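Novice: Sequence:
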Amino acid sequence: MTVPHHALEITLTRPLAPAELRHAARVLPLAANHDTTRLMALMPAKTPGRSAHRLRRLLGTQQLPIDVITTHYPDASGQVLLNVALPPAARTALKTAADRAGQSPERFVQLALHRALAQHASDEADRLDQEVRHLLTHTAAAHLLSAVGRALTQTPGVPQP
8 MTVPHHALEI TLTRPLAPAE LRHAARVLPL AANHDTTRLM ALMPAKTPGR
58 SAHRLRRLLG TQQLPIDVIT THYPDASGQV LLNVALPPAA RTALKTAADR
108 AGQSPERFVQ LALHRALAQH ASDEADRLDQ EVRHLLTHTA AAHLLSAVGR
158 ALTQTPGVPQ P
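Just add 7 to the spot in the sequence shown (first one is 1) and you have the working numbering.
Honestly, the hints are just simulated from the structure, not real lab data. Because the structure is a prediction, the values reported are computed rather than measured. It is possible that part of the hints are untrue.
[Stated by the list, open to error] Estimated spans, in silico, between C-beta atoms of each pair:
| id | residue 1 | residue 2 | range |
| --- | --- | --- | --- |
| 1 | His150 | Ala32 | 51 to 61 Å |
| 2 | Pro11 | Ala32 | 18 to 28 Å |
| 3 | Gly156 | Pro95 | 48 to 58 Å |
| 4 | Val10 | Thr99 | 26 to 36 Å |
For glycine and all other residues, C-beta sits at the position ideal for the given N, C-alpha and C.
Take these sequences, add in the hints, and give me the full structure.
Specialist: Pasting the structure below:
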């Protein structure tokens with residue numbers, strides 16, 4: 008039976024020194040972004056959760072400054088798995104808050120993230136509405152729409168006639 012491999016992205020708290028990256032790559036093949044603050048790895052495991060856990064255990068022995076491990080591709084529900092190692096005090100506080108809410112710590116964090124992302128999207132939509140209203144006080148709607156259309160169809164870095 009073949010065990011599936013899962014693509015995982017590792018976000019680091021600081022860039023790696025070249026020697027740190029070489030040392031970690033001896034344990035597991037890794038691909039680094041241009042400033043070595045993010046790494047990619049393929050990890051065999053039955054589930055994405057197990058692969059993230061196994062990766063954290065494996066690379067944790069290398070003393071890498073791992074912040075978060077995520078699945079690189081969303082699952083069938085469009086969800087991305089987050090693997091975060093919390094200090095004991097934060098884990099205890101999270102467990103206490105989750106217990107008060109009658110939820111598992113995982114569900115508590117999931118709902119908190121969904122609320123925060125929804126709030127951010129709402130705030131951004133409100134900010135954009137306010138900016139558009141401000142622009143419309145100084146220009147005609149047709150001119151603004153034309154300018155937005157031009158801006159959306161321009162290729163960055165390519166001069167426009």
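Novice: How does the Cβ-Cβ distance of Val10 and Thr99 compare with 26 to 36 Å: does it lie in that range?
Specialist: Hint holds: Cβ distance 34 Å, inside 26 to 36 Å.
Novice: Does the beta carbon distance between Pro11 and Ala32 stay inside 18 to 28 Å, or does it fall outside?
Specialist: At roughly 22 Å between Cβ atoms, Ala32 and Pro11 fall inside 18 to 28 Å, so the hint holds.
Novice: Is it true that the C-beta distance of His150 to Ala32 lies inside 51 to 61 Å, as the hint says?
Specialist: 54 Å, holds
Novice: With 48 to 58 Å as the target window, see if Gly156 and Pro95 comply at their CB atoms.
Specialist: Given about 54 Å between the Cβ atoms, the range holds.
Hint compliance for this structure: every hint is met.
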